[in-house]
Amino acid sequence: MKKQKIKKYSLLKGFKDIVPEDQFYWNFVLDKLSKCADAYGFEKIDLPIVEEYGLFARSVGTDTDIVTKEMFAFETLGKEKVALRPEGTAGAVRAYVEHGMMNKRKPVKMYYEGPMFRYEKPQAGRFRQFHQFGCEVFGEDDPIVDAQIIYMCYQIFDELNIPIEIKINSIGCNTCRNHYLKALKLYLKKYKSKLCVDCNKRYNKNILRILDCKEKKCQEIVADAPQIVDHLCTDCNTHFVKTLEYLEESQIAYTLNPFIVRGLDYYNRTAFEIFCKEEDGSQSALGGGGRYDSLVRMLGGQKTPAIGFALGIERIVSRLRDMYEKTPADERKFEIPTSKTCDVFIAQLGDGARKKVLVLFEKIRREGFLVGESVSKTALKQQMEEADRLKAKMCLIVGQKEIMDDTILIRDMESGNQEIVPSGQILKVLRRRLDSLK
RNA sequence: GUGCCCAUGGUGUAACGGUUAACACAGCGGUUUGUGGUACCGCUAAUUCGGGUUCGAUUCCCGAUGGGCACCCCA
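Numbering-wise, this note's numbering puts 78 at position 78 of the first sequence, and it's gapless, one number per residue.
Bear in mind the hints are in silico, worked out from the structure with no lab data behind them. Note that the structure is predicted; figures quoted are calculated from it, not measured.
Here are the simulated DSSO-like pairs of lysine-lysine, each with C-alpha atoms no more than 30 angstroms apart in a straight line:
no., residue 1, residue 2
1, 35, 438
2, 13, 69
3, 69, 182
4, 377, 340
5, 32, 393
6, 277, 32
7, 355, 393
8, 303, 44
9, 35, 106
Using the sequences provided together with the hints, build the complete structure.
Here it is in structure tokens:
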């Protein structure tokens with residue numbers, strides 16, 4: 001007997017299945033997020049995963065890491081240059097313009113959720129396909145919206161019981177940013193020879209990035225560097241101050257951090273990132289966002305102020321799970337179901353009963369009960385095991401005898417008490433019993 | 001792109017330069033076929049691949065591949 005070798009296919013690097021066991025946590029998070037977005041007046045939009053390459057290049061920025069080395073870009077059979085979306089905002093803006101949403105009552109608020117793709121080397125909390133949940137507000141430049149967005153993020157994590165730290169900065173508008181960049185360049189020029197190799201590259205390419213270099217030497221130099229907040233123009237400064245005032249009033253914790261610059265080019269003014277507390281270092285960023293007042297215009301729409309944020313679902317799920325599992329059951333603020341349950345399990349015995357069970361199942365299901373079954377099994381024992389696994393509250397047993405008498409045996413799974421009920425009354429009895437359990 | 005770590009059934013672990021590679025969990029089946037949660041029994045199932053050292057390698061060495069982690073950057 002030769003063992004034939006058949007090729008097994010496995011997951012592509014950086015891709016993950018969300019297996020049934022993980023769905024409980026996953027759904028719990030998604031449910032919380034979308035309910036919150038609904039409550040804050042956002043409407044859901046589903047956007048395509050593939051879009052024109054240029055859409056991302058333009059909006060995210062042609063010099064950014066995302067575009068230069070992380071995009072899943074390819075040519076279709078029709079020779080179109082396309083890419084798997086690396087983030088959600090570009091698509092949302094495209095949709096805003098494409099559907100003439102500028103004619104809608106402002107502000108226009110949308111949320112989305114789904115897979116994003118970046119060709120990176122995977123590691124903890126980082127995948128090539130990952131999921132984001134994002135909210136976008138179009139047509140409103142009042143700083144209270146900035147504050148509200150940040151406030152909302154805070155509340156989401158508070159509700160999930162995940163300790164976070166929100167870091168906020170203002171990176172100004174184009175004008176003040178250019179002033180600032182000049183000042184920064186001037187300052188760093190003196191220290192250029194002392195900066196690390198990477199920072200020397202950054203000096204010409206993306207000088208803002210030097211601000212959050214991890215090298216000790218660079219950090220020392222950067223500590224005394226001019227900060228953008230001191231270079232904001234009057235309007236940007238007022239906007240920032242107002243935003244912070246609103247946040248002060250809302251009494252949520254945040255920290256100012258002049259080094260938040262965001263890796264996407266479209267941001268201006270308010271920029272913020274959400275970090276997991278008590279976790280230093282790697283992949284502790286759970287989300288981020290900011291204003292992008294010129295992006296709509298840049299993508300062919302009217303000049304429209306906008307602000308938004310995106311959260312990383314994998315990272316949230318993983319933190320939630322950690323926190324949840326480490327909290328003793330009686331101290332938890334909420335319960336996450338981790339297995340399926342059912343109200344009633346239907347067990348059948350013998351050919352006659354087996355023929356009736358499909359219809360019986362559906363009859364009870366349509367009444368709104370959670371019904372369990374394992375029609376493919378014949379031994380009653382196996383079916384009872386399944387009922388037990390499903391934590392069924394009751395079990396209906398239909399066998400030869402019951403078919404003859406047109407009755408159904410109903411067993412309380414906790415007490416083990418059994419009762420014979422005429423089959424016509426089964427729904428009534430089930431209802432009564434379930435109500436009494438509540 | 002740079003650096004570090006790891007590789008045994010589905011999962012989590014064990015073992016030794018030398019007989020049928022062990023254990024637990026899960027899965028499946030059974031303990032006289034109309035009763036679950038416990039117990040007992042049985043079955044299924046693994047040394048990533050290719051070289052080398054050796055009488056003999058799952059074990060030691062090298063390479064490949066795969067996985068994990070860190071930097072960079074980000075969610």
